Each structure stands twice: as structure tokens, then as C-alpha cells.
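Engineer: Counting from 1, position 11 in the sequence shown corresponds to residue 12 in my numbering; the numbering is continuous, with no gaps.
What the hints contain is simulated information worked out from the structure, not anything from laboratory work.
None of these values were measured; they are calculated from a predicted model.
Glycine residues also receive a C-beta, built at the ideal position from the N, C-alpha and C atoms.
Do not rely on the hints blindly, as some may be mistaken.
Per label pair, the in silico range of CB-to-CB distance [unchecked claim]: (1) 209 / 162: 28 to 38 Å; (2) 252 / 148: 44 to 54 Å; (3) 52 / 251: 32 to 42 Å.
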Amino acid sequence: MSAPEVSRASSAPLTDAVTGAFSYSGAAIARELLAHGRRVRTLTGHPERAPAGSDIDVRPLAFTETEQLRASLTGVDTLYNTYWVRFPHGTTTFDVAVDNSRRLFAAAAAAGVRRVVHVSITHPDEHSPYGYFRGKAAVERLLTESGLSHAIVRPAILFGGDGVLVNNVAWMLRHLPLVAVGGQGTYRVRGIHVDDLARLCVDLGAGDADTVVDAVGPQSVTFRELIDCVRTAVGSKAVVVPVPGWVMPPLTAALGLVLRDTLLTADEYRAMADGLADSSAPSTGQVVLTDWVAEHGARLGRRYANEISRHFATTSPSSGRGTGR
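Please put together the full structure from these sequences, using the hints given.
Structural biologist: Pasting the structure below:
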């Protein structure tokens with residue numbers, strides 16, 4: 002797809018804000034903005050993650066502090082929002098995340114932010130049986146009702162960098178003698194590389210028109226094909242075993258207890274099995290998932306990526322305990 006140039010005529014670089022610039026997709030977006038000569042400010046619940054000598058201006062993601070939140074967004078041209086929660090944890094629920102998003106958009110409007118680029122999910126639906134997809138749809142509605150110029154970007158799954166999904170599949174294939182797949186694993190996934198997502202977001206941030214785009218790579222594969230690809234790439238001898246779909250939630254919950262993590266929620270499995278991780282939209286990315294896995298197999302799965310430790314262990318109280326996609 003074609004997109005307008007990011008740079009604009011100005012006497013000084015413009016400032017953009019990224020929620021979670023030290024997280025996953027937020028970090029990729031921040032890198033892309035810096036590469037285009039933009040100033041980057043982050044609103045984050047993890048200020049301790051700022052590397053020494055960082056060029057990023059760090060502000061708290063303080064949803065309940067209305068004036069502080071508005072002040073943190075004052076002078077911002079485009080807000081890139083990656084804030085969300087992957088699963089409820091403690092007092093953090095999808096409803097809390099929706100309300101926090103409402104506060105964020107209201108602060109952006111009050112601060113005079115020109116445009117919001119929001120990272121959502123494929124197939125959001127306020128009537129979905131899955132809380133994640135209902136919440137994402139509610140946030141999209143709040144953004145469209147805010148009056149802010151916006152672009153909504155809908156990825157299914159992300160890969161590349163220090164992403165969790167492919168790495169943890171590789172970890173299981175390296176360390177377990179058996180790896181279960183729900184059903185025959187024929188449900189499809191269409192991932193986009195995190196850097197392709199970042200380029201798409203920054204391109205859309207330069208525009209003015211309200212738009213909604215599925216963020217998907219050039220390849221759709223079945224989940225079993227993905228498992229087999231990772232297995233080959235890491236040289237695993239694990240046996241991949243099809244099991245009835247109903248077995249997967251308790252099985253992954255039990256493994257999660259051992260790992261002290263949430264490996265895969267029941268809703269995540271069921272949504273994927275329902276085809277919600279796939280899309281028929283035109284490709285907006287360039288990196289082919291299976292090619293990337295084959296190229297990076299030697300390092301995939303060397304360490305388990307713990308989602309709870311990554312996002313909830315050291316979160317500031319006012320941040321709403323969210324994660325960045």
C-alpha cells in the first residue's frame with residue numbers, strides 16, 4: 002500500500018508519543034519514529050526499562066491523573082497507542098483497560114493531539130464471546146467517537162524481535178518430549194513482523210484520513226504448519242500430538258502453573274480455533290513468517306518468555322497494569 006511521507010516541513014522535529022515504548026510493538030514503533038528524525042515521548046508503566054542514554058522522553062502512564070495525563074500529551078503530534086491487556090490479572094480486567102483507553106483518548110483530545118494510531122486486533126466485535134475481542138471493539142468505538150483523527154491497525158499475531166508466541170512454541174519444542182495441538186491444527190494464523198507493523202503505523206501516522214487496516218503479512222499458515230516449521234528450525238525431536246480441542250485449556254493451564262505464567266488462555270485457543278487469527282485482507286507486511294522462523298531457529302526458544310514477569314511484576318500503580326502488544 003502507498004502512504005504519505007512521514008517527514009513534514011518544520012523548523013524542528015515534531016514530537017510523537019508512544020504508549021509502551023519499552024515494550025514490544027511500542028519499542029518497534031519508537032525505533033521507526035527515531036529513524037525518521039522524530040522526537041519520541043513515551044507514556045509507560047515501566048520507566049525502569051528506559052536504557053541509559055535513551056533519546057526517549059519518559060512520562061508516566063497515569064490513567065487516573067487526568068491533568069498529568071493531559072500534560073504528558075501536550076505538544077504531541079501523533080499518539081501511537083499499543084496499550085492493552087492480554088488477559089485479566091489481579092485487578093486488571095478488560096473493562097478496566099477499556100476505561101483506561103477512554104481516559105487516554107480524552108486526554109489526547111484535550112491536549113490537542115493531531116492524530117491517534119491505535120493498535121487493535123483482527124475481527125474485533127462487541128458481541129464476541131471472547132472478552133479480548135469485545136474489549137478491543139469497545140476501544141475502537143471510543144476512538145471513532147472521540148472526534149480525533151485516527152488510524153486503527155489490526156494485527157492478528159506478531160512475530161520477530163523478542164516476541165513471545167513463536168519463542169515459547171520453540172521453547173516447548175526444545176524442552177518437552179510431547180507437544181499437543183488442539184484438533185488437527187488446521188486453523189490458520191497470519192502473522193506480521195513487528196517491524197513491518199511499526200512501518201505501517203508510522204506511515205499511517207503521517208496521514209489525516211480516518212482509516213482501518215488489517216496488519217497482516219504475506220503468508221497465512223495453519224497452526225500445525227507453524228508448529229512443524231518451528232520444530233524443524235530448532236532441530237526438535239518432540240512428538241507433536243493432536244488432542245481434542247477441549248483438552249487444550251486445562252493442559253495449557255497446568256503447564257502455566259508449572260511455569261508460573263499464563264501460557265495460553267482458553268479464550269485465546271478458542272478464538273484461534275474459530276479462525277480469528279487469520280485475515281483475507283491484502284498484505285501490509287513483507288516478512289514471510291516461515292522464512293523468518295527458519296532463519297532465526299538457532300536462537301528461538303533458548304529461554305522461556307514469561308508474560309506475567311514481563312508485564313506485571315514491576316508495573317507502576319497508576320498505570321492500570323497494562324501490557325503493550
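Engineer: Return holds or violated for the Cβ distance of residue 252 and residue 148 against the range 44 to 54 Å.
Structural biologist: This hint holds: roughly 46 Å between Cβ atoms.
Engineer: Holds or violated: the 28 to 38 Å window for the beta-carbon distance between residue 209 and residue 162?
Structural biologist: With Cβ atoms ~30 Å apart, the hint holds.
Engineer: If I claimed the Cβ atoms of residue 52 and residue 251 lie 32 to 42 Å apart, would that claim hold in this structure?
Structural biologist: Roughly 40 Å apart at Cβ, these two residues keep to the hinted range, so it holds.
Every hint from the earlier list agrees with this structure, and none is contradicted.
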